[in-house]
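Protein chains: 4
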Amino acid sequence: MPDPSAVKAALQAQEIETPSWGYANSGTRFKVFAQAGVPRDPFEKLADAAQVHAATGVAPLVSLHIPWDRVDDYGALAAHAANLGVRIGMINSNTFQDDDFKLGSVAHPDAAVRRKAVAHLMECVDIMDATGSDSLKLWFADGTNYPGQDDIVARQDRLFEALSEVYARLGEHQRMVLEYKLFEPAFYSTDVPDWGTSYAHCLKLGPKAKVVVDTGHHAPGTNIEFIVAFLLREGKLGAFDFNSRFYADDDLMVGAADPFQLFRILHEVAKNGGFDKAHGVAFMLDQCHNIEAKIPAMIRSVMNVQEATAKVLLVDLPALREAQAAGDVLGAHAVLMDAYDTDVRPLLADLREEMGLDRDPLAAYRASGYAEKIVADRVGGTQAGWGA
Amino acid sequence: MPDPSAVKAALQAQEIETPSWGYANSGTRFKVFAQAGVPRDPFEKLADAAQVHAATGVAPLVSLHIPWDRVDDYGALAAHAANLGVRIGMINSNTFQDDDFKLGSVAHPDAAVRRKAVAHLMECVDIMDATGSDSLKLWFADGTNYPGQDDIVARQDRLFEALSEVYARLGEHQRMVLEYKLFEPAFYSTDVPDWGTSYAHCLKLGPKAKVVVDTGHHAPGTNIEFIVAFLLREGKLGAFDFNSRFYADDDLMVGAADPFQLFRILHEVAKNGGFDKAHGVAFMLDQCHNIEAKIPAMIRSVMNVQEATAKVLLVDLPALREAQAAGDVLGAHAVLMDAYDTDVRPLLADLREEMGLDRDPLAAYRASGYAEKIVADRVGGTQAGWGA
Amino acid sequence: MPDPSAVKAALQAQEIETPSWGYANSGTRFKVFAQAGVPRDPFEKLADAAQVHAATGVAPLVSLHIPWDRVDDYGALAAHAANLGVRIGMINSNTFQDDDFKLGSVAHPDAAVRRKAVAHLMECVDIMDATGSDSLKLWFADGTNYPGQDDIVARQDRLFEALSEVYARLGEHQRMVLEYKLFEPAFYSTDVPDWGTSYAHCLKLGPKAKVVVDTGHHAPGTNIEFIVAFLLREGKLGAFDFNSRFYADDDLMVGAADPFQLFRILHEVAKNGGFDKAHGVAFMLDQCHNIEAKIPAMIRSVMNVQEATAKVLLVDLPALREAQAAGDVLGAHAVLMDAYDTDVRPLLADLREEMGLDRDPLAAYRASGYAEKIVADRVGGTQAGWGA
Amino acid sequence: MPDPSAVKAALQAQEIETPSWGYANSGTRFKVFAQAGVPRDPFEKLADAAQVHAATGVAPLVSLHIPWDRVDDYGALAAHAANLGVRIGMINSNTFQDDDFKLGSVAHPDAAVRRKAVAHLMECVDIMDATGSDSLKLWFADGTNYPGQDDIVARQDRLFEALSEVYARLGEHQRMVLEYKLFEPAFYSTDVPDWGTSYAHCLKLGPKAKVVVDTGHHAPGTNIEFIVAFLLREGKLGAFDFNSRFYADDDLMVGAADPFQLFRILHEVAKNGGFDKAHGVAFMLDQCHNIEAKIPAMIRSVMNVQEATAKVLLVDLPALREAQAAGDVLGAHAVLMDAYDTDVRPLLADLREEMGLDRDPLAAYRASGYAEKIVADRVGGTQAGWGA
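Residue numbers (the working numbering), protein chains in the order written: chain A, 1 to 388; chain B, 1 to 388; chain C, 1 to 388; chain D, 1 to 388.
Any given hint might turn out to be false.
No copy labels: a pair is met if it fits in one copy or bridges any two.
[Claimed, not checked] Below, in silico cross-link-like pairs of lysine-lysine (PhoX-like), each with a Cα-Cα straight-line distance of 20 Å or less: (1) Lys31 with Lys116; (2) Lys271 with Lys236; (3) Lys236 with Lys204.
Because the hints were derived from the structure by calculation, they are not lab data.
Build the full structure now, drawing on both the sequences and the hints.
Here you go:
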């Protein structure tokens, strides 16, 4: 069995990234239920994210989303983050909310719209320069709703041209990560619908381009851990967007729908070196929970990732490999399940204590009074949401 | 082969219902792309719906949605409809956009919220009284996002209690139709997720309660025509919400994603008497197309339903039954496909001509100048959308 | 928190049923990989099943499958079971392997074939009489492969007529349970494709007819625990066929693909009284694992059901209900997850010790030498499989 | 609109490949229903395939499957084909029916098993040499049933090593095409589960390796025409396995489940040059219909491919591109649908007449007396099936 202190060391070194928009209002097409106390600007979002890190000790990074997190002075924003004990993580582009992007952005049939989209991506790289972020995270809503609406291959050509331009703009220590998604908001064809498409483009672009795996962006029945393992084997896994789904891209709390799947995914990460910082995999949470309290839900998600990580670190890899080599189906499966069935909550509570944290992050957050404080303080102004 | 004049007579008698909200802005959670010229109130929605009927001759009914279509004087609204040559169809309730409904409406754990929801449903029946509508169309967004969030059985009890109250309020010639939906906006459990749940409730409620089949509300692989056939056999099919989907509840134009499925569904309708007015099946389009022009898309959908109907009316039923009885798999399938493979557009153009309409409804609409007129006229005010 | 001794008492009272065919060879359409030592007749199948009960103490029932388990003297078979310490459970009919059943059995267009199918079902009831089994378990492969092949409604009529005949034949303490399945082996329409269809028929048949939920027989995204809860609320849940699936009806070991789903299902069972013997729910395993050793895989599945049961018994129901009533989404979810995250293996090992069993059933089975014995003894004859 | 004579010329030049195993018995894991008159050896399979070509004029190629089609003298088999007016198409390997392949073939943990698998593939290349076939078609059933059973990455390494060995063996004018499949017979992980995996391996192997798209091998909701378009853009589409599915890999007649999807796929083929012989795309039917007559079902499938091809050739591409460039969603969609809605059966009947064939291939086959002849003649011997 793995050495407990090594397990703890690995857990302590874990860095989970939370999304600034996860602290803002979000919802479904039917309704966005606003919550009292949600942030009104990027500074307040960072403050909330800092609470998650304060409670868990493993969430020091915060993803930004442009234009939602546009500010006048990005240096000031980065300094604000540092003061709060967190850092700016990836810069997420948004080419789906401008009226011009109704029929797409980088793959739009009109060259003028594509130029506008590329200009936005260039602005995101500028923000990387200004904030010290090393990653441009690209998700394109581009696609079509009806057969015949546009030419699938022509859209790939335009997409690649735009990606190439932006790739050329990246600095020496910067990179781009390209997310794929089966569907939504496009309902017939999506221009980057699966890992194969993202991988093929990244391969052509070069070593600074890698694939993002959002756990909610697959067809039913897709074996996500296979994709993760494959991309790690190819050195092309750039980042995770963790969240949960029962049906489509439900964006629920991480580990809430299928904790065993999260475990299997992280088992592939652990087994294939994905937790090594050298591999450069970003572990981001991309959830847009809309009926439960924002900060506690994020803490819960961070804890769920931690628990799954602890379990995969407890897998007895030598025993697993021996059983696998012997073709012992039940034995190999049992080795994996032994780790999954372990209750790692006491181990994590001990770890937190060693890190000077409360054994129970949610209790600590509740006790902090922060929730009441933001409700009282954040009066007036416009609450942040997907549209702002 | 069926008699062409009988086919035309049946097609001429067809009444398709369009949704008032299909003329307003709609979109995805990512973005609602507003369109110039969309209606600003229910009167303008009816005017647009009347254009669809004027062009096609088979869309005389318009569904209302409350509170989106709330007006001071429903009698005036009904009179307005009559002046335009259309009629008010079903009254659709909405218990998903009030902040109180965050955790549900009729199935909410809090009795006060449930009372509010029931009061809204009662208002809808009042509107039926005022407009002469005979159908209350119920879709509940109720459900939960997380395992454990609420008790599945308790929610059923509350749901049934509310339905019973409203059922008791129905007048002699009024009825309720209950829609089911697999998921969205609830992501873990939905309180009326499938036809079985709707059917079981309707059976207990009584003969005035029937099931609504929305073609976009099923799990992948569900055989929708089986459900339609089964409900017709039981006398429990109340209405259709037609639309298209490739993935989830995409709400695209009817017949755009899988025209053969639409044909198979309508074949069951035809074969089992569902086109008889006595059966009381409402044929509504419930599409929320968001990137294409509103009125032409609705005309196209109506035409697609018409074409599929024409094809199923051409099925050689005696030949089909003979092949089925003989266990002739290929032969029976071939009879069905012969009808499907037929190009019915000339037949429908002839029919329109006989009805005094243009042979090409879309061309007629384009030539009418209506599209330009509403863009010019409807300036100022607030455009209607899902939220208004 | 629940009282540990009450939890143990409930676990000790649990009765899980294993399928005779789970000890025989099975496979996919591509290949059946035969295993040395598998039974050659029903007596040997019972002997293997008795090993599973001996190791776990909670698997005293064995389902039979006719004609695979046809014997000359069913009294002798029942006595054999009793000698081995197990009992005959449900009698499973088979109307899918006779050449006459190519286009269906009870729903076949030809009345002669339907009569043959009904005669088989009557034989199954005779076997219930002879063995003391109280349940006829019905699964029909009936359906069609092509649109138009047969009439969906006519097939329902035939199906119901056959069910009614068999229902009338049931003795006072006998019942029938009707299984549904989305697809396979029929690929276009299936005559009992979902719980709604089974429920509607059972309702008409009467109180002796109940629904079987096979956990592998649903469309992707179906919330199975909702169905279970709904059927328990209606008093119509007759039995489970437990197994695991990632894609279709994979028939893997129970709990191997989604242990959290198994927990959620059993949570609904526990909360709604489904573990009470009075409810009459049969907890059968229906797995056809084909690459791993038969008996150990069955033991593992029984243990997985036990572990999931132990977890649901540990759910703090009063706390859960309080959080649910308060609309505390995160709190209610957390109560459920606390139970799921608990490692119940020590509790179950203690229970086994108290029951006079080995703490580790799989180790006990391995130590017994039974596996080697059957390989050595069962030489010659024809191995049992799906076809024999 | 396209020139009718050009359309006819293209249709006449079409070469569809049928699978030898499509003439033999096949079925589901529940039952293989044997048919009178099915072939007993590869020579008889070719004779049946020749009937399909005789009736349709566009099915001159026959895929072989080794070992099912193993013969002593492959030269004699090829000569027999030539005499019948057909040619040997692709050689399909089989590494899933030997007992040694229970846990995989080229990805098996045991090197000895892998060597055996590679030896089989080499034999297939030998058969290519002997028959003049230019394509090795590879589908691997390799995968695992349980999490932990084997190492996903290690299996990729072994797979690639085997592929590389075989690739090196290919002659100058030979190539390999690698098929992917979501699941079945492996139920947890499949070693080549999606197009991305096949593409990544083919890219590394070199220009002689291309991807096979089997239309039944995808997760629900997958946009297959996107994959086809993408692979054509990359020059990596090697072959199609056409068939139909409603649920999983149902292997029904081509075009029977979703004729519009078949049309969309072939539209991408047409638009992207895939019908040019230079592109080297093989258009194979891989159906295993099990309840309908073998030869007529194959004729029907060939006709369905022909009809879909005719429709895509009728697409007004200049009009389509103009509407796409203008962002005219409804207009572009309408151009595509105009072609789909056309009844091309008269055009194809005319073409057949011009080719000296009967206007109705199925009627011609029925009139030929072949069906009765093979039932009468093929008495004794062992019928061919998946296992022989």
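- Should Lys271 paired with Lys236 be assigned to within, between, both, or neither, using CA atoms and 20 Å as the limit? Close inside one copy (16 Å), not across copies (32 Å); limit 20 Å.
- Same-copy or cross-copy closeness of Lys31 to Lys116 [CA-CA at most 20 Å]: between (30 Å within a copy, 18 Å between copies)
- Message: Within, between, both or neither: how does the pair Lys236, Lys204 come out at a Cα-Cα threshold of 20 Å?
- Response: both (12 Å within a copy, 15 Å between copies)
When each numbered hint is compared with the structure, no violation occurs for any of them.
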